[in-house]
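Protein sequence lines correspond, in order, to chains A and B. Residue numbers for the first sequence, in numbering that gives the first Met the number 0: 0 to 179. Residue numbers for the second sequence, in numbering that gives the first Met the number 0: 0 to 328.
Treat the hints with care, since some could be wrong.
Unchecked claim - Using 27 Å as the maximum straight-line C-alpha spacing, the simulated BS3-like pairs for lysine-lysine come out as follows:
id : chain 1 : residue 1 : chain 2 : residue 2
1  : A       : Lys101    : A       : Lys23
2  : B       : Lys322    : B       : Lys273
3  : B       : Lys273    : A       : Lys45
4  : A       : Lys45     : A       : Lys23
5  : B       : Lys322    : A       : Lys23
Said to hold, decoys possible - Chain A is faced by these chain B residues, among others (derived, beta-carbon under 8 Å):
id : residue
6  : Arg7
7  : Glu11
8  : Ala13
Everything labelled a hint here was simulated from the structure, so no lab data went into it. By construction, the Cβ of each residue, glycine as well, lies at the ideal position given by its N, Cα and C atoms.
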Amino acid sequence: MSWIEADSGAALTLSVNGMRHDLKLDARVTLLDALREHLQLTGTKKGCDHGQCGACTVLVNGRRINSCLSLAVMHQADEITTIEGLGTAENLHPLQAAFVAKDGFQCGYCTSGQICSAIGMLGEWREGWPSHLGDRADAAPAIDAAEIRERMSGNLCRCAAYPRIVEAIEHYATHEGADA
Amino acid sequence: MIAFDYIRPADETAALHAATERPGARFIAGGTNLLDLMKLGIERPRYLVDIGALDLREVTETSEGGLRIGALVTNAALAAHPLVRQRYPVLSQAILAGASGQLRNKATTGGNLLQRTRCYFFYDPASPCNKREPGAGCSAIGGFNRIMAILGTSAHCIASHPSDMAVAMRALDARVETRLPDGQTSSRTLEALYRLPGETPHVDHRLAPGELITAVVLPPPPAGRQSYRKVRDRASYAFALVSVAAVVSMREGRITEATLAFGGVGTMPWRNRKAEALLIGQAPSAALFERCADAVLAEATGHGGNDFKIPLLRRTLVASLAKLTGGEP
Ligand code: FES
Ligand code: FES
């Protein structure tokens, strides 16, 4: 293991949506910028670029993170899933379909982050992770709106589509969650 | 962000070696605070040692009956760990009261301890700030200071410590284990990890250059009940205005043990042993809790915009003590 010098750039491999990509990047490039600017996966959005809005949420080894607060070079051993890996326009992921059916957006800018975050969040719920509301995930039959709101608080929506976002996630979790 | 040399060593020895090889190198783990500050030019490391590949992700029981938490255990994993939920609920509650799901998945135990203040002026390179630039002056003293500290402040800095996790760890008498570049290990309390701002607010902690946090060790779980109560500007995903971590145990109607730690109010996670001692041997009562709050607040100083934290801390502490010593489980 040796130093990557600041002026030389880093040769790295990223595994995104099941495909491996070889890249040569400045070590400063965030995972978010690598996805958007170097792999042209523009479904993941940049809102604040400071970990405050959740628009850039992607799944890393199944866990949701803010891709703006992580360097691409730190993710060579990881499997990254973006919104493009969840569904396509022709073949929507059931959670995407729920967002369409329930009108879970207005401008849509926060939506891919909301969806990736919700997929990660429901995984955490199924594993029985507690939340600020308490240790309910082990006992409760299904997630409710209060838990969704608390667990999704890292995803802001400037259009304030929150009521429909919560409805969409709740609908998906109770109807489709089993085959997610 | 200024350019930096980067390395991702495979083990602790290589990481410590890398950090000494290039003086001024910084360790990076989750990166949720350091990268944010690097983007703003507030942190300007020329060398980054990525410790993400180190084997520090385990939570194990110690022979004394406590827990050793690896420095790279994520905040999410720690809050969800069955032994933490069972034996140290105050710690699980504190972590879950902070940040967002995404941040908790990335932020680590060691990194959380070393996160920097959320003072608005520290984050704004256009404003003078002694913590960011020694000698520049403090924009919070005499300025907008709603979120600032009321305890442990100095004439040079009133920035509050932002961690929830560290507040619970301070109440639990956690110790921080480190390894130094020469391979020596050390163990210190949180009180000994942090330092008060004094005349050098730019120095947050007492770690030596190249010293690596490897674990946090919790002593055996304390007797009694535990709770973390946090007051903030919105219901979720906000830093504490005031928080209280409390562990209280009772026998035959009297308090036998009590540890209290406070967040949002101190320049470091705060604790006051005199206030704790007042509770011991006493029967719980509103008057007793008020006396305890008097002791905690004896040296508190408001700066105008944050004066409200003084009564708010009092009420939050009294409410926590009433709940923990009350009848319901
Ligand atoms: S763009 Fe990453 S959290 Fe806002
Ligand atoms: S739909 Fe516009 S930001 Fe959420």
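To see whether the hints hold, each was checked on the structure:
In summary, the hint linking Lys101 of chain A to Lys23 of chain A is not supported, as the alpha carbons are separated by about 41 Å, beyond the 27 Å threshold. Between Lys322 of chain B and Lys273 of chain B the CA atoms are separated by roughly 21 Å; this keeps the pair inside 27 Å, and the hint holds. Only pairs whose Cα atoms come within 27 Å are accepted, and Lys273 of chain B paired with Lys45 of chain A is rejected, the gap being roughly 49 Å. For the hint linking Lys45 of chain A to Lys23 of chain A, the alpha-carbon distance of about 21 Å falls within 27 Å, and the restraint holds.
Between Lys322 of chain B and Lys23 of chain A the alpha-carbon distance is near 57 Å, which puts this suggested pair outside the 27 Å criterion. Of the supplied interface hints, the one on Arg7 of chain B holds, with its beta-carbon coming within about 6 Å of a beta-carbon of chain A, less than 8 Å. For Glu11 of chain B, the suggested interface contact is broken, since its CB lies about 13 Å from the closest CB of chain A, more than 8 Å. Given hint, Ala13 of chain B at the interface with chain A, holds; its Cβ is 6 Å from that chain's nearest Cβ, closer than 8 Å.
This entry does not satisfy hints 1, 3, 5, 7, going by the numbered hints stated previously.
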